[in-house]
Amino acid sequence: MLRILTLITGLALMGACTQTQVYEEPESLGEFKLRVNYAFAEKAKKGPVSRDATSKEWEDAIQNAVDIRLGRYAGAQEYDIGISLEGYMLAPPGIPVIYNPKSTAIVLVNVYDVKKKEFLAKGKQFQVLEDTTGGSALKGSGHERTREEQMSGLALKVADRVEEWLAEEHKDNGWFDRRPDLIQPLDSVEVTQ
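According to this note's numbering, the stretch in the sequence shown is residues 3 to 195, in order.
Since the hints were made in silico from the structure, they are not lab data.
No experiment lies behind these values; they were computed from the predicted model shown.
Note that beta-carbon positions come from the ideal geometry of N, C-alpha and C, so glycine has one too.
All clues stand as given, with none of them false.
The calculated lysine-lysine pairs, modelled on DSSO-like cross-linking and capped at a C-alpha distance of 27 Å, are: (1) K126 / K35; (2) K124 / K173; (3) K35 / K173; (4) K117 / K173; (5) K35 / K117; (6) K48 / K126; (7) K124 / K45; (8) K119 / K173; (9) K124 / K47.
Pairwise CB distance ranges (calculated): (10) P28 / P50: 33 to 41 Å; (11) V38 / E170: 20 to 28 Å; (12) G77 / D54: 32 to 40 Å; (13) S57 / T148: 16 to 24 Å; (14) I70 / R180: 24 to 32 Å; (15) K173 / T56: 36 to 44 Å; (16) E120 / S30: 16 to 24 Å; (17) V51 / P28: 35 to 43 Å; (18) K118 / S30: 14 to 22 Å; (19) P95 / D183: 51 to 59 Å; (20) E27 / G176: 19 to 27 Å; (21) L110 / K58: 15 to 23 Å.
Based on the provided sequences and hints, a complete structural model is requested.
See the structure below:
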């Protein structure tokens, strides 16, 4: 009986784990348009048991994920996003069921309004953990994923969290609202004299 309850509990926990998807529904970001996407990882601190990764690998992974997530918005106001990787831990293979470390990344995010020439945010910190799958929950991420898969998964989580945060700021503080001086496109192509 105990085995059955343990199995049911484990299956319920695995079912509760949701994964961040590459192409999720867009958030409401008003007139947001990504102009430039910067990623920096030269000063990132590697966790004590982490797998190795170069700053270039991290920068490429973060820029790619942010381009996919934020490059799809076609508003009329341009913004730059800068993300600095401060620290990370890419989980090594552990001991199945007993010691299963999870990968994590800590970033600082800056948002710059190109037209106003001012920062909307400087140094907003986020920490993300990698998604858990059925296999990684039992065997550990280090056994289930390569370091490249861990990095791209964490980069996607960073981009997803930044996108959600920008949507919150748009809703709560009016970031990316249409400016009064914004030239509106013509609704009609018909010209009268």
